[in-house]
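Visitor: Build out the structure end to end from the sequences listed, making use of the hints.
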Amino acid sequence: MPDIFVATKKKETARTKKVTVKRSEAEIKKKKVVDSKVANVLSTFVFKPKNIRFETQEKEEKVVLFLRRHLITNVSWVLLACLLIVAPVFVQRFSLLNFLPERFQFITLLSWYLVTTGYVFKKFLTWFFNVNIITDERIVDIDFPSILYRHISSTKIDQVQDVTIKVGGFIRSLLNYGDVSIQTAGAEPEICFEAVPRPEQVSKLLDELILEEEKEKLEGRVR
Amino acid sequence: MTPEGIIQFFTSIANNPWILVKFLVLIGLGLYLAFAVIVVRQVKLMSRTLNGLFDIPLRLFSLIHLVAAIGVFILALTVL
Chain A
1 MPDIFVATKK KETARTKKVT VKRSEAEIKK KKVVDSKVAN VLSTFVFKPK
51 NIRFETQEKE EKVVLFLRRH LITNVSWVLL ACLLIVAPVF VQRFSLLNFL
101 PERFQFITLL SWYLVTTGYV FKKFLTWFFN VNIITDERIV DIDFPSILYR
151 HISSTKIDQV QDVTIKVGGF IRSLLNYGDV SIQTAGAEPE ICFEAVPRPE
201 QVSKLLDELI LEEEKEKLEG RVR
Chain B
1 MTPEGIIQFF TSIANNPWIL VKFLVLIGLG LYLAFAVIVV RQVKLMSRTL
51 NGLFDIPLRL FSLIHLVAAI GVFILALTVL
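Same order as they appear, the protein sequences are chains A and B. First residue of the first sequence? That's 1 in this note's numbering, and the numbers climb one at a time after it. First residue of the second sequence? That's 1 in this note's numbering, and the numbers climb one at a time after it.
Everything labelled a hint here was simulated from the structure, so no lab data went into it. Note that beta-carbon positions come from the ideal geometry of N, C-alpha and C, so glycine has one too. Any given hint could be a false lead.
[What the hints assert, rightly or not] Below, simulated DSSO-like cross-link-like pairs (lysine-lysine); rule was C-alpha separation at most 30 Å, straight line:
| # | chain 1 | residue 1 | chain 2 | residue 2 |
| --- | --- | --- | --- | --- |
| 1 | B | Lys44 | A | Lys50 |
| 2 | B | Lys44 | A | Lys156 |
| 3 | B | Lys44 | A | Lys123 |
| 4 | A | Lys204 | A | Lys48 |
[To be verified] Here are the in silico distance ranges between beta carbons for each label pair:
| # | chain 1 | residue 1 | chain 2 | residue 2 | range |
| --- | --- | --- | --- | --- | --- |
| 5 | A | Phe99 | B | Ile64 | 31 to 37 Å |
| 6 | A | Ser76 | B | Ile74 | 30 to 36 Å |
| 7 | A | Ser76 | B | Pro17 | 35 to 41 Å |
| 8 | A | Asn74 | B | Ile7 | 53 to 59 Å |
| 9 | A | Glu60 | B | Gly71 | 43 to 49 Å |
| 10 | B | Asp55 | A | Asn74 | 16 to 22 Å |
| 11 | A | Cys192 | B | Phe10 | 52 to 58 Å |
| 12 | A | Val41 | B | Trp18 | 42 to 48 Å |
| 13 | B | Thr49 | A | Leu42 | 16 to 22 Å |
| 14 | A | Leu42 | B | Asn15 | 52 to 58 Å |
| 15 | A | Leu71 | B | Thr49 | 17 to 23 Å |
| 16 | B | Arg48 | A | Val41 | 14 to 20 Å |
[Unchecked claim] Covered by chain B, according to a simulated footprint, are these stretches of chain A (three or more residues, beta-carbon under 8 Å):
| # | segment |
| --- | --- |
| 17 | 43-56 |
| 18 | 97-105 |
| 19 | 108-120 |
Guide: Here's what the structure looks like:
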């Protein structure tokens, strides 16, 4: 056969290669975008969040998973807050505070809404700042049980001995959230992630990280 | 306070019991004011512990809450 086709074939191969390279670059870019996400205010499960850092985070340490209690766990206090907001309407309707002078009624109403705001804000803060973080090196549990108390516990991935997930009850099964208990060999014998979404994925990720850590140890790449 | 002063104080309360109520309301609002101050401090501390998310709006809200608590306290002091 004449050589003319050989040249054309070469050209085509180069073009195909270029297209393939371009496509794979785009795929990597796309994958990066999918992998790392920006956590928003109400995020409860974010894989590789871009915009989250914590106080004791080291320079090279990367956050792999960011967890908070499931949104549904806030329903009880949100309902109570709604009741507190509408309560003065009923109080006024049934004239329950009419025995008070008008100026006292006015201050009572203002104080009521002020305390309600404080209650809502405190509850939101408690939910918002009670977070669990899994990095490529550690597991961090940040707890603010009350407005005056702070408890931060962390353990290295290689100290994790056992991971147990607990999903029980109708709502938890329906919305797929539960507790993840992590037994450790460190000073803190157990770290518990309470009411976190997708507990089986959390457990799977922890298993993968433990394997990765063991591999790093064997290869002598420990940080 | 002299014994006469104490007697006068209790007589004024007996004549106008709302003074006692005002006193109790002010104590309650004063305690709430202390809580609002603690909230501002804690939000600062919490934001430092976990930063990157919603820091400024939370700090702003805690300050607004504190200003509102001060406002209600001053209003109670003047209106009641």
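Visitor: For every hint, state whether the structure bears it out.
Guide: Hints, one by one, checked against the model:
1. Lys44/B with Lys50/A: Holds, because 22 Å separates the two Cα atoms, which is no more than 30 Å.
2. Lys44/B with Lys156/A: Distance of about 28 Å is within 30 Å: holds.
3. Lys44/B with Lys123/A: holds, 16 Å
4. Lys204/A with Lys48/A: Answer holds: lysine 204/A to lysine 48/A is near 15 Å, not above 30 Å.
5. Phe99/A with Ile64/B: 31 to 37 Å: holds, 33 Å
6. Ser76/A with Ile74/B: 30 to 36 Å: holds, 34 Å
7. Ser76/A with Pro17/B: 35 to 41 Å: At 39 Å between Cβs, range holds.
8. Asn74/A with Ile7/B: 53 to 59 Å: holds, 54 Å
9. Glu60/A with Gly71/B: 43 to 49 Å: Once the Cβ atoms are compared, 48 Å apart, the range 43 to 49 Å for glycine 71/B and glutamate 60/A holds.
10. Asp55/B with Asn74/A: 16 to 22 Å: Between aspartate 55/B and asparagine 74/A, where Cβ atoms are some 20 Å apart, the hint holds.
11. Cys192/A with Phe10/B: 52 to 58 Å: holds, 56 Å
12. Val41/A with Trp18/B: 42 to 48 Å: holds, 44 Å
13. Thr49/B with Leu42/A: 16 to 22 Å: Once the Cβ atoms are compared, 19 Å apart, the range 16 to 22 Å for leucine 42/A and threonine 49/B holds.
14. Leu42/A with Asn15/B: 52 to 58 Å: Once the Cβ atoms are compared, 55 Å apart, the range 52 to 58 Å for asparagine 15/B and leucine 42/A holds.
15. Leu71/A with Thr49/B: 17 to 23 Å: holds, 21 Å
16. Arg48/B with Val41/A: 14 to 20 Å: holds, 18 Å
17. 43-56: holds (count 5)
18. 97-105: Held - the segment 97-105 of chain A has 3 residues with a Cβ nearer than 8 Å to chain B, which meets the minimum of three.
19. 108-120: Coverage by chain B holds for the segment 108-120 of chain A (6 residues, Cβ < 8 Å).
No hint from the list above goes unmet by this structure.
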